[in-house]
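Mapping to this note's numbering: the sequence shown position 235 is 235, numbers consecutive.
Hints in this document: simulated from the structure, not taken from any laboratory.
In this text the structure is predicted, and so the values were computed from the model without any measurement.
Treat the hints loosely; a few may be bogus.
[Stated by the list, open to error] Each computed DSS-like pair below joins lysine-lysine, with the alpha-carbon atoms no more than 27 angstroms apart: (1) LYS67 / LYS275; (2) LYS220 / LYS206; (3) LYS198 / LYS290; (4) LYS82 / LYS67.
[Claimed, not checked] So the derived label-pair ranges between C-beta atoms look like this: (5) GLY257 / GLN37: 22 to 30 angstroms; (6) GLU263 / THR205: 25 to 33 angstroms; (7) GLY86 / THR289: 54 to 62 angstroms; (8) ILE195 / SER55: 55 to 63 angstroms; (9) GLY160 / LEU256: 58 to 66 angstroms; (10) SER48 / ASP235: 25 to 33 angstroms; (11) THR157 / VAL226: 45 to 53 angstroms.
Even for Gly, the Cβ is constructed at its ideal location relative to N, Cα and C.
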Amino acid sequence: MIGFIGVGTMGEPMCRNLARKSGAIVLATDRNAEPLQRLAADGVKTASLDEIVASCRTIFLSLPGGKEVEEVCLGPGGLVAKVTMGYTIVDTSTAPVSLARRLFAEFEGKASAFADSPIARTRQAAIDGTLSIMVGGTTETFARIEPLLRHLASEVTHCGEAGAGQAVKILNNMVLFQTVVGLAEALCIARANGIDGKILFETLTKGSADSFGLRNHGMKAMLPGVFPARAFSTDYALKDLSYAIQMAEEHGVPALGADVARELMERAKELGFNKEYWPVLIKAIEDGTKK
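Take the sequences, apply the hints, and build the full model.
In structure tokens form, the structure reads like this:
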């Protein structure tokens with residue numbers, strides 16, 4: 001049996017793919033009953049945390065951020081207090097590097113394994129099983145969990161020791177955020193100069209400015225102005241960006257581009273777009289243009 005804690009925007013389709021492809025019985029828990037009810041159609045059984053620990057030696061986490069991961073693992077009655085020898089905890093959440101390293105040490109002290117395995121790409125990729133997963137942990141643990149991760153992702157990379165998966169994922173997002181800032185600025189400048197945004201973006205795909213961010217966040221969100229609430233929100237993007245800036249500050253590395261992205265996201269949040277899909281940061285630029 002496999003346990004799955006947290007079946008939200010990304011966790012639900014990931015849990016579904018595990019249930020459909022792994023051949024194992026999957027037990028899942030979440031504070032929201034609705035995704036658990038939907039997952040029941042795929043054979044996923046709703047269970048409590050205690051029931052998952054009692055039945056599953058491999059447990060996946062898909063939680064909003066470091067605060068929730070810390071609570072589930074290190075809080076009163078958390079996983080660290082419950083597990084014994086032979087458990088493997090696979091954290092697909094995005095959380096601070098320092099927390100991943102602490103959890104590795106805590107679980108290793110209980111003779112259990114821990115791998116930070118944050119995910120990248122979109123909700124549609126989670127549905128299709130084509131995520132990119134970056135893994136931090138021992139070679140032995142990676143070899144053991146890689147077949148399961150392959151049910152969720154088309155790209156699975158062992159990035160190094162504990163914390164390395166989180167570091168690479170956080171920097172992946174930092175680069176993406178800065179790319180989208182550039183796209184938002186280009187789109188606003190083009191429109192202000194009477195250039196059709198669709199022509200701009202389609203032409204950029206044919207040149208050196210082409211990117212995943214352009215084809216997805218630019219063309220599918222910013223160009224049509226569609227920023228759904230049930231997606232990776234401005235709040236979540238700010239959380240991930242704060243982790244990147246924290247990593248930079250801890251080692252005295254200037255992160256000026258990341259600071260600009262944070263400023264625009266915070267402005268978008270002030271404008272009331274904190275729950276919308278994060279490329280809505282373009283609204284912060286548009287708002288400034290009006291002044």
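Here is what the structure says about each hint:
Our distance criterion of 27 angstroms between C-alpha atoms is met by LYS67 and LYS275, whose separation comes to about 18 angstroms. Restraint check for LYS220 and LYS206: the C-alpha separation of about 17 angstroms stays at or below 27 angstroms, so the hint holds. Distance check on the hinted pair: LYS198 and LYS290 sit about 22 angstroms apart at the alpha-carbon level, within 27 angstroms; holds. Taken as a hint, the LYS82 and LYS67 pair is honoured in the structure, with Cα atoms around 19 angstroms apart against an allowance of 27 angstroms.
At roughly 43 angstroms, the beta carbons of GLY257 and GLN37 sit outside the given window of 22 to 30 angstroms. At roughly 28 angstroms, the beta carbons of GLU263 and THR205 sit within the given window of 25 to 33 angstroms. Between GLY86 and THR289 the C-beta distance comes to about 58 angstroms, which sits within the given range of 54 to 62 angstroms. Remark: the range hint 55 to 63 angstroms for ILE195 to SER55 is upheld by a beta-carbon distance near 59 angstroms.
The supplied range of 58 to 66 angstroms is broken by GLY160 and LEU256, whose beta-carbon atoms lie about 27 angstroms from each other. Remark: the range hint 25 to 33 angstroms for SER48 to ASP235 is upheld by a beta-carbon distance near 28 angstroms. At roughly 31 angstroms, the beta-carbon separation of THR157 and VAL226 lies outside the given 45 to 53 angstroms, and the hint is violated.
Taken one by one, the earlier hints fail for this structure at numbers 5, 9, 11, listed in ascending order.
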